[in-house]
Structure formats: C-alpha cells, structure tokens
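Residue numbers (my numbering), protein chains in the order written: chain A, 55 to 581; chain B, 16 to 349.
One should not assume that every hint holds.
Restricting the straight-line Cα-Cα distance to at most 27 angstroms, the calculated cross-link-like pairs of lysine-lysine (DSSO-like) are [to be verified]:
hint	chain 1	residue 1	chain 2	residue 2
1	B	Lys100	A	Lys247
2	A	Lys78	B	Lys211
3	B	Lys211	A	Lys468
4	A	Lys468	B	Lys75
5	A	Lys203	A	Lys468
6	A	Lys521	A	Lys533
7	B	Lys100	A	Lys253
8	A	Lys253	B	Lys75
If you only want the chain A side, here are some residues facing chain B, beta carbon under 7 angstroms, derived [claimed, not checked]:
hint	residue
9	Pro267
10	Asp268
11	Ala269
12	Thr294
13	Ser298
14	Ala306
15	Glu308
16	Gln465
17	Gly501
18	Ser503
Chain B is faced by these chain A residues, among others (derived, beta-carbon under 7 angstroms) [as the list claims (entries may be wrong)]:
hint	residue
19	Glu89
20	Asp186
21	Gly195
22	Pro199
23	Val290
No lab work stands behind these hints, which were simulated from the structure alone.
Idealized CB from N, CA, C, for every residue including glycine.
Single-letter residue listing:
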Amino acid sequence: MSRTKKLLAATILASSFAFAAHAKTLVYCSEGSPEGFDPALYTAGTTFDASSKPVYNRLVEFVRGKTEVQPGLAESWSVSDDGLEYTFKLRAGVKFHSSDSFTPTRDFNADDVIFSFDRQMNAENPFNAYVDGASWEYFNGMSMPDLIKSIEKVDDLTVKFVLNRQEAPFIANLAMDFASIMSKEYADSLSSKSDLNQKPVGTGPFQFVAYQPDAVIRYKANADYWGGKQPIDDLVFAITTDASVRMQKLTAGECQVMPYPNPADIQALKDNPDLQMLEQQGLNVGYLAYNTQQAPFDNPKVRKALNMAINKQAILEAVFQGAGQAAKNPIPPTMWSYNDDIQDDPYDPDAARKMLEEAGVKDLSMKVWAMPVQRPYNPNARRMAELMQEDFAKIGVTVEIVSYEWGEYLQRSKAVDRDGAVLLGWTGDNGDPDNFLAVLLGCDGVGGSNRAQWCNEEFDGLIKKAKAGSPEERTAVYKEAQVVFKREAPWATIAHSVVFMPMSKKVSGYIMDPLGGHWFDGVDIAE
Amino acid sequence: MFRFFLSRLALLIPTFIGVSIVAFSFIRLLPGDPILLLAGERGVTEQRYQELQAAYGFDKPILVQYFNYVLDLLSGDFGTSLVTKRPVLNEFFTLFPATLELSLCAIIVAVAIGIPAGVFAAVKRGSWLDQSVMGVALVGYSMPIFWWGLLLIILFSGILHWTPVSGRISLIYFFPSVTGFMLVDSLLSGQAGAFKSAASHLVLPTIVLATIPLAVIARQTRSAMLEVLGEDYVRTARAKGLAPRRVIGLHALRNALIPVVTTIGLQVGVLLAGAILTETIFSWPGIGKWMVDSVLKRDYDVVQGGLLLIAAIVMIVNLIVDVLYGLINPRIRT
Numbered sequence: 055m056s057r058t059k060k061l062l063a064a065t066i067l068a069s070s071f072a073f074a075a076h077a078k079t080l081v082y083c084s085e086g087s088p089e090g091f092d093p094a095l096y097t098a099g100t101t102f103d104a105s106s107k108p109v110y111n112r113l114v115e116f117v118r119g120k121t122e123v124q125p126g127l128a129e130s131w132s133v134s135d136d137g138l139e140y141t142f143k144l145r146a147g148v149k150f151h152s153s154d155s156f157t158p159t160r161d162f163n164a165d166d167v168i169f170s171f172d173r174q175m176n177a178e179n180p181f182n183a184y185v186d187g188a189s190w191e192y193f194n195g196m197s198m199p200d201l202i203k204s205i206e207k208v209d210d211l212t213v214k215f216v217l218n219r220q221e222a223p224f225i226a227n228l229a230m231d232f233a234s235i236m237s238k239e240y241a242d243s244l245s246s247k248s249d250l251n252q253k254p255v256g257t258g259p260f261q262f263v264a265y266q267p268d269a270v271i272r273y274k275a276n277a278d279y280w281g282g283k284q285p286i287d288d289l290v291f292a293i294t295t296d297a298s299v300r301m302q303k304l305t306a307g308e309c310q311v312m313p314y315p316n317p318a319d320i321q322a323l324k325d326n327p328d329l330q331m332l333e334q335q336g337l338n339v340g341y342l343a344y345n346t347q348q349a350p351f352d353n354p355k356v357r358k359a360l361n362m363a364i365n366k367q368a369i370l371e372a373v374f375q376g377a378g379q380a381a382k383n384p385i386p387p388t389m390w391s392y393n394d395d396i397q398d399d400p401y402d403p404d405a406a407r408k409m410l411e412e413a414g415v416k417d418l419s420m421k422v423w424a425m426p427v428q429r430p431y432n433p434n435a436r437r438m439a440e441l442m443q444e445d446f447a448k449i450g451v452t453v454e455i456v457s458y459e460w461g462e463y464l465q466r467s468k469a470v471d472r473d474g475a476v477l478l479g480w481t482g483d484n485g486d487p488d489n490f491l492a493v494l495l496g497c498d499g500v501g502g503s504n505r506a507q508w509c510n511e512e513f514d515g516l517i518k519k520a521k522a523g524s525p526e527e528r529t530a531v532y533k534e535a536q537v538v539f540k541r542e543a544p545w546a547t548i549a550h551s552v553v554f555m556p557m558s559k560k561v562s563g564y565i566m567d568p569l570g571g572h573w574f575d576g577v578d579i580a581e
Numbered sequence: 016m017f018r019f020f021l022s023r024l025a026l027l028i029p030t031f032i033g034v035s036i037v038a039f040s041f042i043r044l045l046p047g048d049p050i051l052l053l054a055g056e057r058g059v060t061e062q063r064y065q066e067l068q069a070a071y072g073f074d075k076p077i078l079v080q081y082f083n084y085v086l087d088l089l090s091g092d093f094g095t096s097l098v099t100k101r102p103v104l105n106e107f108f109t110l111f112p113a114t115l116e117l118s119l120c121a122i123i124v125a126v127a128i129g130i131p132a133g134v135f136a137a138v139k140r141g142s143w144l145d146q147s148v149m150g151v152a153l154v155g156y157s158m159p160i161f162w163w164g165l166l167l168i169i170l171f172s173g174i175l176h177w178t179p180v181s182g183r184i185s186l187i188y189f190f191p192s193v194t195g196f197m198l199v200d201s202l203l204s205g206q207a208g209a210f211k212s213a214a215s216h217l218v219l220p221t222i223v224l225a226t227i228p229l230a231v232i233a234r235q236t237r238s239a240m241l242e243v244l245g246e247d248y249v250r251t252a253r254a255k256g257l258a259p260r261r262v263i264g265l266h267a268l269r270n271a272l273i274p275v276v277t278t279i280g281l282q283v284g285v286l287l288a289g290a291i292l293t294e295t296i297f298s299w300p301g302i303g304k305w306m307v308d309s310v311l312k313r314d315y316d317v318v319q320g321g322l323l324l325i326a327a328i329v330m331i332v333n334l335i336v337d338v339l340y341g342l343i344n345p346r347i348r349t
C-alpha cells in the first residue's frame, strides 16, 4: 500500500470514528430508487420501503413478522352490527415531524385521516391531481372507491368510515402503504404542492432528511416518536441496483443489511463469519392455471392427473435453486387460515396416466404459457415450463410452450377462450386470505385475475361468506374453501419462494416481513 | 470560418427532427403497454384502462400524439415520467452531472494515455513495445464491460480493500449539491477528506469507462502516426537535422491528430453507451441507469425525452469537433 493510500485509509477511518462517536448509523444497501415519497401514488415495494415504512404510520399496522393487524395511529376501533360502519378512536398526542420548512402547530387528528383518503377519492380535493398522472393505483386496485361511502369526523380524535357493503378485509386494507396518514397542515402549508411527494412529513419512527436521486436516502430517528425513540440515530439507504455489487458492499462493511441476494451467492454469504442470514417464506404463490372452461380441462380428473405428473421437487431444485418451498394450497403458509391438514397430490406418473385413461383422454396435446420475466414466485418460467413439458411427456401429453411480451402476456391470459394453461403467480397485498382466494379464484375474477376461468359455486359461496365475521369464523370458512380448491384442482400449485436477508452480525432486532417489506424500527447495531 | 460554422449548425435542425421521430416511434414500436406493465399481475379493469389511456393521451391517433409532443417540446416541456410523476427535464438535469463528471474523467484518461501509447507504438513499430501496446489495446477494445467492472471491484475493493465498492462518495460525508460534480462539491464543502473520498470513488468507474475509448484512441493514433511518419515532409524535417523529439512532437503528431480528434468526438457516443453499464455496476447515479430503467418500464416520456437530450449532447460535441477539425485542418473550412 502506497503512502497516499495509507493516508487515505487513515483519513477515512478517522472520520468514520468521529462520525460513529456521536451517532449510531445503519446503512441499508437498497435494491432501487424510490419513485417518490407519497406511497399512495405508487405500487412498488422499493418505494414503500423508502416512504411509508420509515416515515409514515397507518391507522392500523401489521404485527411485525405476521399478517395480522394491530392498532397503529388508531388506538382501537369498533364495527357496527351490520358491518358497514367502522369507528376509529385515534391516538392522542402524536406529533408530525418538524423540518427546515415546516413546524407543526398541532398534533395528529381526524382532519389528517380524512385528508389522507379524501385526496385519493375526491376529484375536487386540491391534492387529487397534485402531480401529473396521479392515478392512486392501489386505492383503485383494492376497489376502495366502490367500497367507501363516506368518511366522517365525529370529533377531533374519532373518525367513522361508512361502507357500501360488508367487507371484513377492509381493516387489513387500512394497514397497507397507500393508507399512510399524511399531515393536512403540512399539505396546506406547501407553496409547491409536489413537495408532498419529495419532502415527506409523517408521524413514523424515522424522519426524512435528504434524497440524492439514485444514490442515497438519509433519515434520522424521530425523537418524538409515539412508539419511543429508535435505538439507531441515523438510517441511510445506499441505492445499489446490482445484486453482486450489493454483496461486495456488505462484505466490505460499506453497508450492514442488504435485500435480494443472487441465489448463487447465498452459500458464500452463509459461510461468511461476519454475516448472519435470515430467511422466510414469501407471501406469494406460483401456479399453473388450467383453462377450466375448455375440454378436457373442464374435468377435475384431468387436472388432478396433470398435477400428479408434475415433479415439484425437481422444479424447486432447478428453478428456485433451493430458495423455494413446494406449494399445496393457493395461499402461503405464513398467512393466517392456511390449512396445513391438506395433503398435496403425490408425484406419481403411473397413477396420473391411469387417471387420464379413466377420464377418456388420449393423445392430449396442450399449450403451457411461460412468462417472459423473472418474478419472486417464479424466477425462471421458461425453465419451469420445459421441466413440465418433460413431466407431461411421461404420461403421454404433448406440450407446446408459448410466451408473449409481459404486458401482452398478462392481458391475453385473461381471455376466457384462452388456449392453454398459464404459469403465473401472486404476491399478497394486505395479508388477508381474501386477497388471494377471492381475487384469484372467485367467480367475479373470471375473464380477469382468475386465470383458471374457474367459477365453482361451492367455493365462491364460501369466500363470499368469509367477507364478514370475526377472524376465527373467517378462518374456519377459508380452511373449508382450501379443501374444495384441492379437490377441484383448478391450478397446479407449484411453489412459494423463500426470501433471504443477509446482514452483518452486529445488527440485531431485524424481523422479516412476510409481506415483503423492509422495516428498520426496533433495529439496533453494535458499535 | 463563420460560414462553415453556420452550415454545420443548420445541419443540426433536420438531424434533431429525425431524432425526435426516431425517439418517439422507437419506444412505441417495442411491444409492451406502459399501463399494463405498471399494473402488473394486479391488472386494471377495462374501464380504468380507458380512463388511464385518456389521461396519458395514448387514445389519440399516433400522428396527433407526435404533433402534441413536438408542440410541448417547442415550449420546453419534455413531458412527465409515468413512473415517478416528475418532469423529465428535471430528472435529467439532476442526474446528468454525475454522468458528465465520470465521462470527462474517462475521456481525459483515455486521451492522456491513449495518444502517447499510440505514438510510442508507431515510433517503435514492430518492437516488443508496439506489440504489447497493440495487444493490450485489442484486449481492452474487446473487453466485456460488466465483467471487467465486477472483476475490478472483487480485486481492488473486495480483496485488496484499496478502493470503495460503489457510489460517488463515502456515506459519512453529507453536504448539499452545488454544481452536481462531486469533486467540486466536496472541495466546496470544506469537509476534511471529502475530496479524497470522492476521488477514490471515481478510480474504478473511470478505468472501466475509459477502457474501450482508450484502446480505440491508441490504435487510431498509431495508424495515423505511421501514415504521417512515412510522408516526405517528415523525412525532410529529419534530414534538416531536427531533434527526433521535435520531428515527432511537432511535425508528425500535429498532422496525425486530425483523424484522432474525430475519433475522440465519436467516442462521446460510445462513452454515453458505456455509461449505461458502468453506472449500473458502480451504482453511479447518472442518466445511463435512468434510461435503462425507463425502457424496461416503457416510460414513454422519459425514453423519448432522454434520447433527445442525449442526442442533442452528442450532436453538440460533434459540432465542436467539426469546428476544431476546421481549426486544425484549414483545407476543409470552405
């Protein structure tokens, strides 16, 4: 090492010690840039990690590491007997962040709650179109405009939501990122409205400090946080899009936590004595959806036979490289109401061939659609389709693999008269089983998100019934629905991904989120 | 000379119109609908789809869309990103200084090493020096940039710990951006060690980005020099008894530089293309990475606006090169 290099290293070391002496900093090598800081405008998890999770709170929050909800900015809530009115008692004394340009004069109250939702549903609200192309995709995507009849302020600390119909998953929707609570006072004070999306002010555990586009986001701990001050003082997102470079930065100590390692690097990261590796099943499912409205796939026996011909273990090894778990139900095991009593169809090509014969199917040839993109629930659809092609050939079924550009694929696969079975998947939004079972398999989704075009009266009746009731009652109904699903086999359920999070051994208190978010409140780092 | 300049300037106008048409149609010719891609698995209802089409103006005939686009351009409006909802011009100028800083460093390195290397190789034609310079240049010219970048990171950052892995400056430094050039801003900040940190972050990306232009410049210089060294006036200069240094430096190099300057000008386009990969490897917040992301997301306004702005820069650089060429070589002025 030359003298200059030594000097350089010494200077950097010295200054980092000086820095560490007065502030505890955690650096997170994030995988991409946030699109903005108003979570309701966007749908990407990367944006939520940088906006709604550190900066904002919601009326209700997910219990960390689970899919159940708990009180957030609302201390408690009650539901009317007809299931149409939700009354929230708000937390008193919650403070919004103060910044260079804004100092709140009042605590959080009902006006902020109404503002946060009204701007998304009311075209007259001055913040409805405050940036070009504001389309509130998640709010619309979760059918909130049809669902919410009105939001009323009962008093400063009480808000009432009136719904058009019964919808038990509504509470879970309010824990989603688009339901983050903004400060009305801050919005009203802005001379340039787009600052609401560039300089966020919230009630969350971390306060936004600065964003250098595509490079760094800085936050500091909110000293007045209603949940208590954070163990770390500063939180820094170092945006690093390439997974190999993220790994180099983590091993060089330039950051302490990184998401989404390359599957091929996982073993090396696990073997590194300075690192620890957390892992969890993702809240997703990858599936093959038959077109149940076309012969011979309208016969459950044929679908069952094909399911039994698929060697899932081989797929897990070749396509997921170990970062996956075989799926037997349409919902992942981390979700409440998962029915673990269900037996998966065994891999048995001989039995499958016999079943096909019994069903009177001979010389079957079919199409299997393979997605052109990598998704968490299916890292390589082409490879998966090829493996299925081999599996099906063993029972005398000929497969032709087809693919389209991604947007086109999503669109064409919706068609009721689609030719072939489709590889696709789903990542949960709100942790509610309704978000999988009703969206993907309900009769309303035929010709849309129900790629199996499957409308089963018994199943649909159950998931409609589960729209109301207590969590215990709903759990019982969903478990029954999963039995019907397995019997009728509209899909071959393939896998749930396993998500890995490597981090420095100095980091403690990090809990993985089944919904795929990255949260840093409660996280500490040893100096 | 002024007329020469004006004629070159006038040529820019049809070129610019051509680029605007290419940029506009290129992204629309790619399969993929931005609304469907944005919606992903969640999808949109038919009604919602129509609403969004209308909101973005995609429901109008393509010629009307192009006409509206040009009208907006003339009033200085490059559109708004469908993804981030921020003005394209705004995003471009936030990110461009980072690309410019890196490209400038790369071109300086490429010229400072490439020209002398080419000259030495030409003068020592056929020697082991010539062979090795040209061999290295060939390897450099064919180097897969992404692999090369990762290799350097693993060696110099991962194993030797000499350079930082990625980014523009160590995260311990935090100061407002004044010029957008990290080297300048770090000096202005007055924070101890900031400049050194910024400079050390530039080392690897500069090497990676400079690799191909350096190889091209070295090879071009060598062949131009060889040609010039065989000319009568060089022989005359030698015969007059001028020092070899003077013959090569003054008589030969000055004339050999003419094609080299053109090559350097053309390398600007190569640099901007190389910046796409280099920026991705080194998490360098410039326009290369920004463009790739927007093509993947079919972010129409960003792709066409970004292409136009980049094309404008390349055209301006080429105009400057043309003018310089005129200065060096009086024969083409008329």
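Legend entry - Hint numbers not upheld by this structure, sorted from lowest to highest: When the structure is compared with the hints, numbers 3, 5, 8, 17 and 22 turn out to be violated.
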